[in-house]
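A.B. asks: My request is simple: use the sequences and hints to build the entire structure.
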Amino acid sequence: MARQVDADLLIIGGGGAGAKAAIEAHDLGLHVVMLVKGFLGRSGCSIFAGNLNWFGPPGDGARPRSEAERQKQTLEFLAKYTHYLGDQEYMKNAARFTFDHFYPWLEERGLYILRDDDGAVVVDLPHGTQAWATKMGMSGQIIMDMMRKEIFRRGILVLEETAATSLLTAGGAVVGAAALDYRRGEQIVVRAKATILATGHSNYLSLRSTGTREGTAAGWVMAFRVGCALQNIEMQWYHVSDVAWPRSWMRLHLYPNPLPGTAHQTRLYNRDGELFFDGTSVPRNPVPYIMQLKALVQQVRAGKARLDGGYYTSYRHIEPEVVRGHIYQTQFVEKLGLDPLRDVIENGVTWHMNVGGIRVNGQTMQSDVPGLYVAGSVSALVTGGLPNVMYDGYVAARHAADEIRGRPLPRLDQSVVERDLARVAAYFRTDPEGRLLPAQVIKRIRTVMWEHMNYIKSDATMRRGLERLQRIRQEALPRMHVGSPSRRFSYDWIEAVDAEDMLDACELMIRFSLHRKESRGGFFREDYPITDNARWLRHIVGRLENGALRLEELPVDLRYAKPAEEVADFFAVDY
Amino acid sequence: MVRATVFKFAPDVDPAPHYETFEVPLARGMRVLDVLEAIREDLGQPISYRWLCGVKKCGLCAMTVNGRPCLTCWEPAEPDMIIEPLAGFPVIRDLVVDRDAVDARLLDVDPFLHRPEDQPYRGFPEPLSGAAMRRAGTMMNCIECLACVSACPVPRERFIGPAALVQLARWAFDPRDGADRAALAVAGGIAECADCGDCTAACPAGIPVKEIAIAGLRELCIRSGYPDAGPAPQEKCRLVVPRGRDR
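Chains as they are written, first to last, in this note's numbering: chain A, 1 to 575; chain B, 576 to 822.
One should not assume that every hint holds.
[Unchecked claim] In silico EDC-like pairs for lysine to aspartate or glutamate, Cα to Cα no more than 16 Å straight-line: (1) K443/A to E616/B; (2) K149/A to D675/B; (3) K562/A to D574/A; (4) K304/A to E346/A; (5) K149/A to D683/B; (6) K335/A to E653/B; (7) K517/A to D569/A; (8) K562/A to E76/A; (9) K92/A to E69/A; (10) K443/A to D617/B; (11) K304/A to D272/A; (12) K149/A to D678/B; (13) K294/A to E518/A; (14) K335/A to E650/B; (15) K562/A to E89/A; (16) K583/B to E595/B; (17) K149/A to E108/A; (18) K517/A to D527/A; (19) K149/A to D685/B.
Keep in mind the hints are simulated off the structure, nothing from the lab.
C.D. replies: Okay, here's the thing in structure tokens:
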């Protein structure tokens, strides 16, 4: 029998969005319960946030900017970052929050934004787009450690190493969630007046990913199953300059674009030692990540690089004090016995962020299903960013608090609860025929996605990927077993649940991708190598109807920034 | 090939701990964590362990490797390794330990900025120089992996431990902070520190725990009128180490 916990507000996820929501809701007087699949503030994608959006505050003496100018720069940047699929009204509000709330709220509590010895905030030159907490590459970890402690200080109930396995509905509304505490081997039911889903990016779907084993798309799938719409989930966002090896360091990002205190950016060289990318040569785009990706594709097609290696980052032309003093990654390069000022470092592509996600109202963070709010990068509003996701958490908590104040706890639908508990319990099996650890099945899924749904893809590769995923579903899922009869810290158990969620998410992602017949930013199809704003600057939205996926296209918010081209060669545009 | 002998123990089903040996191909630059991943994903052999980032941010993959505490995502695999749970912590299962008691002590040092009443926060960005924050910034490299706590020979009953002292130093060294950090250092038993330096040696973040965190706190204690916090005499080092916890 599952333990039941009651809350005013349930928050699923312990990254920036969930943590900010928890603090805000608690301070508004709500009884908050958090479910965290890993450790609060130590798992998920927020700790990987290396840069913080800056664009200069209004009174920054070094680089004075008007509010309007700052907003325009931020919007252009985020619009390109999201290939013009982001919610622009939302982005405007989040940019304002960044300076009005995010930075002062954290700094008042002790955050240290890197300064030079004269006290000026260290930024990239000449644009001044980013700032850093202590060092480039450390911002998220430092901020999330602060958030973790702020939450424990408040005595908020945090259930760590406890993964939500489904959202529970009653009468058409979300009334809580079922969860698995894999540390204790115990199923839990949380009943709540409102729920905020904040499970972060879903990039552990491919063999090379910046995210780690928690980022399995459970958030997308849980929301989809209760009737939420997913939007633009075909839009995977990649990192080009993550290290090729060792394996666990694949998420170590050798930041290619704005570097602290210098106008230089890293350079990329191909197999033959030819320079093929330097961000400073991309005019009018201060953060040309996407151009780096497009440049790599051309190298791969010319046989001069591979997606998983054979090309290299160089810091040789960058000031030694920047490389040694301001960049977290330097120590890793040195640990491999390389000299970052002399040697080049081999890179590979990783799946990094999602542009798309769960479709929500960007003003309230409400989903399509009553009782469910969505915050952070699991939603479709923008491509992550720690200030943005904290804005989401802040807004979601405030709207949820207004909605549920004075309301009684909802009634659970026991048949729904029992069905989900039984589904998860059934995965704890020790002796099916031809045993496979769930970790082995997950690796197979990620391999299929790497081989067939990678950055370079086509109708044919994606259909082959779908076939292989369907075979895994039929042949491998029934063979999954947990490696021991012990229920203590059975990560196998939660991975078995994850494997099924990942198959659902990957199949959905491919079906969305087959629908979009163009190339755009992080989405490239060899069979449609044009960016077609006239036809495809549209959201692709899919929801579950009568047990099947129904796709539709909906208009995009372009009120503040829009691309100049109607139709363009994919490699010619900088978004 | 890499040969890894791994500690296995599920207290609810196993009568006693035991070891199992696995062999996996040595990959380029392979870390200890990569070996564990290969044992599960490629050999299909179950082992329970924690990791949440792979790049020295989460601080949760610390274990004992060939008798020394280490962060497994950071240290390279060796041809022959014995991998055991982080010493000095209760085992939940296999290589997963219960950190709760030590994590709680990290909160005992009041790890929050307390601005003096006459120096309220006046808005972002506040006046602050990089030079003034340098020592505190070094402390911020701490990811609370607890390798130093595992290495520390001083009994925990009267000593809050090196990780908590680094966290305390992080705030004590911040020029914006006005709390009585010296009192917290004394209450945490800073005088018990044996000055052996095992914490510094174990720290994967390269923090000079003994030389800067603890020495700096001691200076602060002495300045604040707590002379007993001063450096331990050499003989203390010799006395405490052999009596320390079983490592």
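A.B. asks: Hints first: check each against the structure and report whether it holds.
C.D. replies: For each hint, the structure was consulted:
1. Only pairs whose Cα atoms come within 16 Å are accepted, and K443/A paired with E616/B is accepted, the gap being roughly 7 Å.
2. Taking the CA atoms of K149/A and D675/B, the gap is near 14 Å; set against the 16 Å cutoff, the hint holds.
3. For the hint linking K562/A to D574/A, the alpha-carbon distance of about 13 Å falls within 16 Å, and the restraint holds.
4. Distance check on the hinted pair: K304/A and E346/A sit about 13 Å apart at the alpha-carbon level, within 16 Å; holds.
5. About 11 Å separates the Cα atoms of K149/A and D683/B, which keeps this hinted pair within 16 Å; it holds.
6. The suggested pairing of K335/A with E653/B holds, with an alpha-carbon distance near 15 Å, which does not exceed 16 Å.
7. Taking the CA atoms of K517/A and D569/A, the gap is near 14 Å; set against the 16 Å cutoff, the hint holds.
8. Restraint check for K562/A and E76/A: the C-alpha separation of about 9 Å stays at or below 16 Å, so the hint holds.
9. For the hint pairing K92/A with E69/A, the CA-to-CA distance comes to about 12 Å; that is within 16 Å, so the pair holds.
10. A hinted pair counts as satisfied when its Cα atoms are at most 16 Å apart, and K443/A with D617/B qualifies at roughly 9 Å.
11. Between K304/A and D272/A the CA atoms are separated by roughly 7 Å; this keeps the pair inside 16 Å, and the hint holds.
12. Between K149/A and D678/B, the direct Cα distance comes to roughly 11 Å. Compliance with the 16 Å bound is thereby established for this hinted pair.
13. Restraint check: the Cα-Cα separation between K294/A and E518/A comes to about 15 Å, which is no more than 16 Å; the hinted pair holds.
14. Straight-line distance between C-alpha atoms of K335/A and E650/B comes to about 9 Å, which keeps the hinted pair within the 16 Å bound.
15. With a C-alpha separation of about 13 Å, the suggested pair K562/A and E89/A falls inside the 16 Å cut-off, and the hint holds.
16. In summary, the hint linking K583/B to E595/B is supported, as the alpha carbons are separated by about 7 Å, within the 16 Å threshold.
17. About 15 Å separates the Cα atoms of K149/A and E108/A, which keeps this hinted pair within 16 Å; it holds.
18. The suggested pairing of K517/A with D527/A holds, with an alpha-carbon distance near 8 Å, which does not exceed 16 Å.
19. For the hint linking K149/A to D685/B, the alpha-carbon distance of about 10 Å falls within 16 Å, and the restraint holds.
Checked against the numbered hints above, the structure violates none of them.
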